[in-house]
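Asks: The lines below spell out each chain.
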Amino acid sequence: MSQQVGTVTWINGPVVRAHGSRRVSMLELVEVGEEHLVGEVIGLESDVSTIQVYEETSGMHPGAPVFGTGMSLSVELGPGLLRGIFDGVQRPLPAMERHSGSFIGRGMHMSPLPRTDKWDFTPVLKAGDKVSGGAIVGTVAETPALEHRVMIPPDDRGTLTWVAPAGQYTIVEPIARLRTATGEQDVAMLQRWPVRRPRPYRARAGQNMPLITGQRVLDTFFPLAKGGSAAIPGGFGAGKTVMQHSIAKWSDAQVVVYIGCGERGNEMTEVLQEFPHLVDPRSGRPLMERTVLIANTSNMPVAAREASIYTGITMAEYYRDMGYHVALMADSTSRWAEALREISGRLEEMPAEEGYPAYLAARLAEFYERAGFVETLNGQPGSVSVIGAVSPPGGDFSEPVTQHTKRFIRCFWALDKALASARHFPSVNWLDSYSEYLEDVADWWRKQVGQDWYAMRSVAMELLTEESRLAQIVKLVGPDALPDEQRLILETARILREGFLQQSAMDDIDAYSTIQKQIRMLGLILHFHTRAQHIIKRGALITVIHELSVVNDLIRMKALIANDQLDKMDEIRRRIDEQMDQLESEYR
Amino acid sequence: MSEALVLGGQEVIGVSRVEGPIIVVEGAGSVGYDEMVEVLDSQGRLRMGRVLEVGENMSVVEVFSGTTGLSIDGTRVRFLGGPMHLPVAEEMLGSVFDGMGRPLDGGPQPLTEHYADINGQPINPTARVYPRDYIQTGISAIDGMNTLVMGQKLPIFSGAGIPHDQLAAQIVRQATLGAPAGEQPSETAQFAIVFAAMGVKHDVADFFRNSFAESGALTRVAMFLNLADDPPVERLVTPRAALTLAEYLAFQREMHVLVVFTDMTNYCEALRQISNIRGEVPSRKGYPGYLYSDLASLYERTGRIRTSNGSITQIPILTMPNDDITHPVPDLTGYITEGQIVLGRQMTQQGIYPPITVLPSLSRLMKDGIGKGHTRADHSHLAAQLYASYAHVQDVRSLASVIGEEELSTVDQQYLQFGRVFEQQYIHQGPTENRSIEVTLDIGWRLISMLPQDELTRVSPDEIKQYYEAAHAAH
Ligand SMILES: Nc1ncnc2c1ncn2[C@@H]1O[C@H](COP(=O)(O)OP(=O)(O)OP(=O)(O)O)[C@@H](O)[C@H]1O
Ligand SMILES: [Mg+2]
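Protein sequences, first through last, are from chains A and B.
Counted the way our numbering counts, the first sequence spans residues 83 to 670.
Counted the way our numbering counts, the second sequence spans residues 284 to 758.
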């Protein structure tokens, strides 16, 4: 299939130049050298083509052949993606291990999706049906947790002349035949899509359904909408990865695409070893059954790191097109931006800020724009929510990647080094973070929990804001200088911080809170505050309030009351009232 | 893998440019990217180099021992046909090598058939085993609050004049495979030690050598020394050579290997120097944009894999220029490693040893290496409580500096007291004091019990019953 189209003339790390540019096209996939290392054409100028190579180029010589493939960098789509783990250019890591052992070798060409596995296909359409791109021909139980919907490729349309009867098929066997304007063609489960081209949909739709993450500070204070985009910036050790993992575990997405982009090998191993044993609270099935992993760790080739983001988002769009809600996590987009920078540097392009190429912002925009809540080609609702970690040098958010990212996302979960070192986790700073989806999702909350989430959240947020103002005063003069009403604000804010905002990802009960648990916890804390306010007005001392045993109940309830035992919260409410009644009777 | 060494390459006489440690060679035939070269000056003295960039008729070569004495016409360059390989053998333990991995003091080359590419290859994430077995170092601030796990990379962030070498030596001396509190750690799991010095003074290398000798460990140690007066560019090879041996020992010979590097800051400076001379676009403070990837290519060569019972645990030491943790070297290191042990100048000045500042310190792999079956069931809650309470001590201290200690509430005064005792009794310990995990946990409970029970919201009511009440009564 591939034929020689040129010869290498210059090599500098992952960037290679070759003669013979006339016979390749921009963004064409090529193979370089005798080992057929995979690369992509990223520049063409007179007779010279510039290629980024997705594998280590050590030992490559000028004069080595370059082979064209006529395709652009694409991913394979079809059943078998879920539960899989791939590198940045979708090579299957388990198969690579079987082939070359514990260490990743070079020049391996293997199919991302297994060709011989058989899948149970159930037809939905029949011969004679007129179809266009996105139409669902049939279904396959890809995993017990997810029905895979086999679609007509987006660009095709015509009449089905044959649909396979229910039965077992490999992904390359035809399961339908389509007559188009130009002739007849087979449709198989396996399809390809060029990663740098967004998959089409019919229309964008409004984003008014939150992506529930089970993380209280996110869902209650800074919600992300399904189809929205969020950034998690934070210095090293601030908790980005733990948060991404938590969302991958507990969010109410139907499919999760997790991209480890230039991060640690052990973190991917952790997911691989943990997810098969964790149960999705909604489907009751192991989490791995809804997950696709892309691992291009920090020590793997840098050009493939650049590609990993596109590989991942194309898969996410594919499941979206089936009518699913997909959440995509990219940890970390900064490492992807650095890959761009490294390649740009080797090309000796003019740098803009901090060595990054001038097109950094445009690339970020293109990526985040692929998030969205859409009406699919088939008329179904589907969404891709994108959550990107950002790793600013020195934890300083004024750097280019954080700043440009901010322009393209609507949810900013700012992690705070000071909170992290005080072990306040998740270290989301409630004053610096924001969500522009608040109003959009307020209705949904009201319908789900029957309470005015938005109003309650606002009250809590005011308390926290007021606390930070008062804390400035306390720093100068000590807490005793404040009147007791204000010291009560400090007390309630402390309960909010320790009892609500702090959430341990490692605690079995605390790791994930349903929205019912969240709203009831918040309700209890606010109820405590209202009652205490009343009593303080009557002259009770803040120290008395502070010593009430119910304060500790409020701080501990997150880890003591499981999601399915929320009735126990009534008991706490009773104790609040009892202790407050008692005080009230003393300060009549 | 070994054929690269025996392949005779081609030879060129004369170079077209010499600048800093870089030479540009024209006229060689087919040169490979990343290929090793031998460079001979007009007197026939040999130095090693490596191809950094190659074009049709031109190659850019970095010369590890520098270019002093090289001339345009009199220099011979011999291309060796492949990347640098290191002979590796178990017998290398007990020996000392130079920064390029050659035996020092006239020692013989190890007799072996194993040659390995010093750049290694990335470990496939599917082949890894997630590290879960803790290493008992006998140091409370580490074992209790920043537990080291076998297969972890946990650097020490330090500064000039802070006793990081003592601490690293103590860790190496005392490290044993941990056992649950109350049980004897197994004596069988002895670590092999691979030590690499990059640009440090002779006395630092001597200090480590003496320390290994005193504890009778010298036969288990391989030392790779690139000292302050050795060629800076060689530093780029030193950690790679060391890791190549470590990988062989861990993954072929199934040994548990502790790797200690000092000082990563010198390594990064050598990298910066090469980059600047090549005129590359710098990112922060003149360091190249690929510093992260380059460091990752070292730090990620740590861990455990399914096909071997061995492990590599890395403890790189770096000095933070100006004590600045946001400097690119500590910053990028922290972004790659699985936590960091941060040493503080103020703690040092207060006479606290080891001067570990616990709040910015972190062990990310601790969570799965402690608790029931590893250390003790209450460990993670206790550690969280110590962190939370000690973090509050910092707030109280800054408040006390404004309003005075006497004006503090009773509880806050208790916090101040707790903070002092915590630093003196928990963090502080002797340079030869080796505390069992049980002792460390018990000291923790004893100190935390100075605080009123209501303040302890990170430990469970059951744990309070079991550990707090007795300890509290004793106060
Ligand atoms: N929700 C949480 N609950 C408990 N501990 C947490 C939580 N979030 C973070 N941590 C702690 O913080 C540590 C660092 O978190 P994490 O690895 O996510 O940082 P990061 O921001 O991804 O850092 P890097 O940029 O270096 O990858 C974790 O190992 C864990 O100890
Ligand atoms: Mg991370």
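Careful, some of the hints might be misleading.
Claimed, not checked - With the C-beta cut set under 8 Å, the calculated list includes, among others, these residues of chain A facing chain B:
1. T139
2. G145
3. M178
4. S184
5. I186
6. M190
7. M382
8. P433
9. R528
10. K529
11. L558
Note that these hints are calculated values from the structure, not bench results.
Glycine included, C-beta positions come from ideal geometry on N, C-alpha and C.
Asks: Confirm or reject each hint.
Replies: Cross-check of the supplied hints:
no., hint, in the structure
1, T139, "5 Å, holds"
2, G145, "6 Å, holds"
3, M178, "6 Å, holds"
4, S184, "4 Å, holds"
5, I186, "5 Å, holds"
6, M190, "11 Å, violated"
7, M382, "5 Å, holds"
8, P433, "5 Å, holds"
9, R528, "32 Å, violated"
10, K529, "34 Å, violated"
11, L558, "6 Å, holds"
Consistency with the previously given hints fails for numbers 6, 9, 10, ordered from lowest to highest.
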